[in-house]
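There are 2 protein chains.
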Amino acid sequence: MKAQPSSFWTHYFPVIAWLRTYSRADWRGDSLAGVITAIMLIPQGIAYAMLAGLPPQMGLYASMLPAIVYAIWGSSRTMSVGPVSIAAIMIMSALSAPEIQAFNAPVESAILLAFEVGIILWVMAALRLGGLVNFISHPVLTGFTSGAALLIILNQLPYLFGLPKFDCGLQIGCYTNYLSQWNNITTILGLGAIVGLWLFSQPLMTLLQRRGMPLQWALGISKCGPLLVIALTMLLVGLGQLAGTHAVSVVGPLEGVLPQLSTDFLNTHAWRALLPYAAIIALIAYVESVAIAKVTAYMRNQKINPNQELVALGAANIATAVSGGMVVAGGLSRTMVNFTAGARTQMATVIAVIAVIVLVLFFGHWFAYIPKSVLAAIILVAILPLIKLRHVFHTWVYHKADGWAELVTLLSVLCLGIEEGLAIGIILTIASYLRQISRPHIAEVGCVPGTEHYRNIDRHEVETCPNILLLRIDENITFANANYIEDFIQTAHQRRQQTVQDLVLIFTSVSHIDSTALEMLSRLQHHLKATGVQLHFAEIKGPVMDKLRGTALLDGKEAGSVFFRVSDVAEALN
Amino acid sequence: MKAQPSSFWTHYFPVIAWLRTYSRADWRGDSLAGVITAIMLIPQGIAYAMLAGLPPQMGLYASMLPAIVYAIWGSSRTMSVGPVSIAAIMIMSALSAPEIQAFNAPVESAILLAFEVGIILWVMAALRLGGLVNFISHPVLTGFTSGAALLIILNQLPYLFGLPKFDCGLQIGCYTNYLSQWNNITTILGLGAIVGLWLFSQPLMTLLQRRGMPLQWALGISKCGPLLVIALTMLLVGLGQLAGTHAVSVVGPLEGVLPQLSTDFLNTHAWRALLPYAAIIALIAYVESVAIAKVTAYMRNQKINPNQELVALGAANIATAVSGGMVVAGGLSRTMVNFTAGARTQMATVIAVIAVIVLVLFFGHWFAYIPKSVLAAIILVAILPLIKLRHVFHTWVYHKADGWAELVTLLSVLCLGIEEGLAIGIILTIASYLRQISRPHIAEVGCVPGTEHYRNIDRHEVETCPNILLLRIDENITFANANYIEDFIQTAHQRRQQTVQDLVLIFTSVSHIDSTALEMLSRLQHHLKATGVQLHFAEIKGPVMDKLRGTALLDGKEAGSVFFRVSDVAEALN
Numbered sequence: 019m020k021a022q023p024s025s026f027w028t029h030y031f032p033v034i035a036w037l038r039t040y041s042r043a044d045w046r047g048d049s050l051a052g053v054i055t056a057i058m059l060i061p062q063g064i065a066y067a068m069l070a071g072l073p074p075q076m077g078l079y080a081s082m083l084p085a086i087v088y089a090i091w092g093s094s095r096t097m098s099v100g101p102v103s104i105a106a107i108m109i110m111s112a113l114s115a116p117e118i119q120a121f122n123a124p125v126e127s128a129i130l131l132a133f134e135v136g137i138i139l140w141v142m143a144a145l146r147l148g149g150l151v152n153f154i155s156h157p158v159l160t161g162f163t164s165g166a167a168l169l170i171i172l173n174q175l176p177y178l179f180g181l182p183k184f185d186c187g188l189q190i191g192c193y194t195n196y197l198s199q200w201n202n203i204t205t206i207l208g209l210g211a212i213v214g215l216w217l218f219s220q221p222l223m224t225l226l227q228r229r230g231m232p233l234q235w236a237l238g239i240s241k242c243g244p245l246l247v248i249a250l251t252m253l254l255v256g257l258g259q260l261a262g263t264h265a266v267s268v269v270g271p272l273e274g275v276l277p278q279l280s281t282d283f284l285n286t287h288a289w290r291a292l293l294p295y296a297a298i299i300a301l302i303a304y305v306e307s308v309a310i311a312k313v314t315a316y317m318r319n320q321k322i323n324p325n326q327e328l329v330a331l332g333a334a335n336i337a338t339a340v341s342g343g344m345v346v347a348g349g350l351s352r353t354m355v356n357f358t359a360g361a362r363t364q365m366a367t368v369i370a371v372i373a374v375i376v377l378v379l380f381f382g383h384w385f386a387y388i389p390k391s392v393l394a395a396i397i398l399v400a401i402l403p404l405i406k407l408r409h410v411f412h413t414w415v416y417h418k419a420d421g422w423a424e425l426v427t428l429l430s431v432l433c434l435g436i437e438e439g440l441a442i443g444i445i446l447t448i449a450s451y452l453r454q455i456s457r458p459h460i461a462e463v464g465c466v467p468g469t470e471h472y473r474n475i476d477r478h479e480v481e482t483c484p485n486i487l488l489l490r491i492d493e494n495i496t497f498a499n500a501n502y503i504e505d506f507i508q509t510a511h512q513r514r515q516q517t518v519q520d521l522v523l524i525f526t527s528v529s530h531i532d533s534t535a536l537e538m539l540s541r542l543q544h545h546l547k548a549t550g551v552q553l554h555f556a557e558i559k560g561p562v563m564d565k566l567r568g569t570a571l572l573d574g575k576e577a578g579s580v581f582f583r584v585s586d587v588a589e590a591l592n
Numbered sequence: 019m020k021a022q023p024s025s026f027w028t029h030y031f032p033v034i035a036w037l038r039t040y041s042r043a044d045w046r047g048d049s050l051a052g053v054i055t056a057i058m059l060i061p062q063g064i065a066y067a068m069l070a071g072l073p074p075q076m077g078l079y080a081s082m083l084p085a086i087v088y089a090i091w092g093s094s095r096t097m098s099v100g101p102v103s104i105a106a107i108m109i110m111s112a113l114s115a116p117e118i119q120a121f122n123a124p125v126e127s128a129i130l131l132a133f134e135v136g137i138i139l140w141v142m143a144a145l146r147l148g149g150l151v152n153f154i155s156h157p158v159l160t161g162f163t164s165g166a167a168l169l170i171i172l173n174q175l176p177y178l179f180g181l182p183k184f185d186c187g188l189q190i191g192c193y194t195n196y197l198s199q200w201n202n203i204t205t206i207l208g209l210g211a212i213v214g215l216w217l218f219s220q221p222l223m224t225l226l227q228r229r230g231m232p233l234q235w236a237l238g239i240s241k242c243g244p245l246l247v248i249a250l251t252m253l254l255v256g257l258g259q260l261a262g263t264h265a266v267s268v269v270g271p272l273e274g275v276l277p278q279l280s281t282d283f284l285n286t287h288a289w290r291a292l293l294p295y296a297a298i299i300a301l302i303a304y305v306e307s308v309a310i311a312k313v314t315a316y317m318r319n320q321k322i323n324p325n326q327e328l329v330a331l332g333a334a335n336i337a338t339a340v341s342g343g344m345v346v347a348g349g350l351s352r353t354m355v356n357f358t359a360g361a362r363t364q365m366a367t368v369i370a371v372i373a374v375i376v377l378v379l380f381f382g383h384w385f386a387y388i389p390k391s392v393l394a395a396i397i398l399v400a401i402l403p404l405i406k407l408r409h410v411f412h413t414w415v416y417h418k419a420d421g422w423a424e425l426v427t428l429l430s431v432l433c434l435g436i437e438e439g440l441a442i443g444i445i446l447t448i449a450s451y452l453r454q455i456s457r458p459h460i461a462e463v464g465c466v467p468g469t470e471h472y473r474n475i476d477r478h479e480v481e482t483c484p485n486i487l488l489l490r491i492d493e494n495i496t497f498a499n500a501n502y503i504e505d506f507i508q509t510a511h512q513r514r515q516q517t518v519q520d521l522v523l524i525f526t527s528v529s530h531i532d533s534t535a536l537e538m539l540s541r542l543q544h545h546l547k548a549t550g551v552q553l554h555f556a557e558i559k560g561p562v563m564d565k566l567r568g569t570a571l572l573d574g575k576e577a578g579s580v581f582f583r584v585s586d587v588a589e590a591l592n
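Those protein sequence lines, which keep their order, are chains A and B. Residue numbers for the first sequence follow the working numbering, so the first one is 19 and each next one is one higher. Residue numbers for the second sequence follow the working numbering, so the first one is 19 and each next one is one higher.
It should be emphasised that the hints constitute simulated quantities derived from the structure, not laboratory data. Careful: at least some of the hints might be erroneous.
All copies of an identical chain are treated as equivalent in the list; a pair is satisfied when it fits inside any one copy or across any two copies.
Said to hold, decoys possible - Below, simulated EDC-like cross-link-like pairs (lysine to aspartate or glutamate); rule was C-alpha separation at most 16 Å, straight line:
(1) K183 - D586
(2) K183 - D505
(3) K321 - D505
(4) K321 - E504
(5) K418 - D564
All chains should be built: construct the whole structure from the sequences, respecting the hints.
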């Protein structure tokens, strides 16, 4: 399925593109993938709503309308949009901020938050601000995700053992008392669920495939794990009345299994206080979604349109708000499962939504018996692969500054908070980049004998002239390094003052010269001229030449020559 | 006087270097320049103290000990360190902040501020953080200076007409009432001073030079203008008792004409509240001083050592604090006059300080009669050349983003405040630079017939091969543009998918590849391989090669070739 020349309609409504060519083969892949995705969606929806501190139905609502909306506008054919763990913990972080708690309306605030996320994504689309996510570098994103995942685990551990909310802080004495409150049955259910989930995932998958079962079926059965574990524990709790007799904490009855459209959340006054949180969640939801969408699109040689993704994710979040759900984004694990199970278009999503609705309608009243410890187990197992501590080390080996940025982001998320951690990571990345470009590599070059090529005199056997100093500046010349470059050239010139008559700056690597740099170069030209040295330039690139033409640097009284090639220099100046 | 091979002592105590070779010719230049500088220092010291809202003696104290301290440690031979206008208005801004006013100790706060500025400069020296000033680009500095100068003028106008503090805000009705309070005699003195100062500056100078007087003498007489104007109006006010009978606002008696060493200011509790202001003043004091020092050093082929300047300016500010003065920095106009008057070493500064002390000792009691309107006139005339509104336009013509940064900085300083304006300017510069590098120029190149040179196919007549796509990336590949470059390459490849078998990225302009970019390139390599295209690299620079060696990108299973020169590509791949 190749990217086709896009008309207006297929560009803005990608659904038309795939519906037009929809085939029987597409249907076979989509239907199976849709059912498997639905089986994942129900436990994840309830669990992530609990993680965000919201009623379970908000996670289920987020799996319905928004997914359909994304199917219409999204440019990814296989991404599964719905509740996701990282957004869930960010919602929790926002809702527990004092300025939001002051409104004492967590559900309405969460819905309004989703609405604001949608509007912000649309604003980003309108202003073509998708490039903002570039400032979240890969190490920062990885560090952020690992840190958030660790936070989620710390947050879920009490549920696993039926413990009350942890508030010992650093008082060691309090720990024994706190831990002694654990609930036997809850812990058994939780740990049992972890073992069951683990068995169902890799071991069962490997076994089934070894027995010759096709990948898609093996995947389907394996991904039933969470739903089966939920069903089993639900039955145990329900039939054994464990919630009453053994104080096993359960989800409790759903208020309504199907969403009802409403815009009542607009009456909440928290909108201003929620805005900064919405902005950060929008950024992260977008960057994570596009990353996932790209991975699957790549494998089928399809293309993701980043701006269309802003539109589609914005629409999905507005849809989740009007249908009373939580913030949605593209889910990493669900998308990979959807893809592997054979999804070929967003029809798989439509089928998944129908399957979710059917399951919820028929079994929704049972959900009240789901033990919270089992949900915690599902979250824990789903979240573990997101923690990439070794990645920090790998990054560090290749690029020290990036490794530091990743580690500091991870630790800041854990210790200072989710939003703070991300902000610190972004600032660190930009600062370290500016630091790097402020000390550019500058090489004195000479001619490789017998060729027209010029190379660093410290790395290659080259020929040089005593009266010509050739310096290649390996960086854009801007405010960040104008001083450094000026000092470097002056020092290089003073060292060779006795013989040098011409100084040639080679601009093969220079794509920008800002006005700070232009003033520096003019000053340098003037100063060198006063000591009897002429400043020339070589290999100025087209776009740079367009800007420099007409300035005193090239056309003033003191201007030297501009050489098209370095090899012209020796001829002209000797 | 050339930069000599610097030993430890001459490096850290530049005074030794010039004292060792001190000559009779040096003395002749220095003595005249010192006296002229002293004549400027007295009016400027009193005026800038008034501008900062401080007692007049604090400006005089700042002209004494700190100048001597700088003479010992400073690496500039001609810079005149003392009170300066931009720092003065920044002191005023700090002292009028509510959190500082709460301490109700403006004098002690101002002294503590100078101390903190000194300590911050030392910390910057110790941590080699001088590079921080790179982030104040030339346009931002110019915009900031123009904005601050305009603020100073707005601030001084009431003094010129003997008006009370302006507080009409936007109530138009209030203006008539306010303006009607002007003082006749004060206004006559102020406007008269402006005319006198103007006559003494350029017209007198031109006249004297045309009559054949040597430059230095003409300069000396011309620069007496402010002191003569002060002396004349002082006499008028003193003998005519204008302060009493006509309510002419005057400086009032000095509390002590010579400084007394004290560290009492350390008992002030404002140190924490002052810190952010001190940091910004330190940054601006340093960047302005180094800029001035460089200009004069250039003209005599001397060198400024930026780190030594941090040490010397830090010491000068600590000296001003312990001697009860205000923040000091290198003064633009005084330094230029000192230089033009023939100063050859910091001995000129020592002479200037002695002259100031003598003048203050003998005439100090007269200073009480100096009318404030005359000081305002001196400030106005001194400050006008700093307002460079046309510079904004020139910058804009060369580089739109820089022009905007300059204009926005200027307006922000005027409307939002000095510190805010500077911060906005710095953020704008960095953001616009990141924006620029996030959309790098990428050129498809071909061979210039008959040579080994490869150029942009859109700009030059070149030869290309249908099966090889050569792309030259004109920028470092980093988090800021990895997405853009990936999309660009993919699009370029999809457009030529039918014929292309090899894709070569030319790295002549690439000096950094961070880990975000490395992951992008590996992903791209994998993806291209899956569609039957091999990714190669050419002209990787030494430092980049050192980092990439051993990564999967160059040594993995899917890795292509690395070509030393682009000209090797056609041979190898055809």
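Cross-check of the supplied hints:
Proximity of K183 to D586 under the C-alpha cut-off of 16 Å is found in neither arrangement, the shortest distances being 75 Å within a copy and 67 Å between copies. Taking the shortest alpha-carbon separations for K183 and D505, neither the intra-copy value of 60 Å nor the inter-copy value of 47 Å comes in at or below 16 Å. Proximity of K321 and D505 under a CA criterion of 16 Å is satisfied inter-copy only: 9 Å between copies versus 47 Å inside one chain copy. In this assembly of identical chains, the alpha carbons of K321 and E504 lie at most 16 Å apart only when taken from different copies (11 Å versus 45 Å within one copy).
Within a single copy, K418 and D564 get their C-alpha atoms only as close as 37 Å, which misses the 16 Å cut-off; across copies the closest is 14 Å, which meets it.
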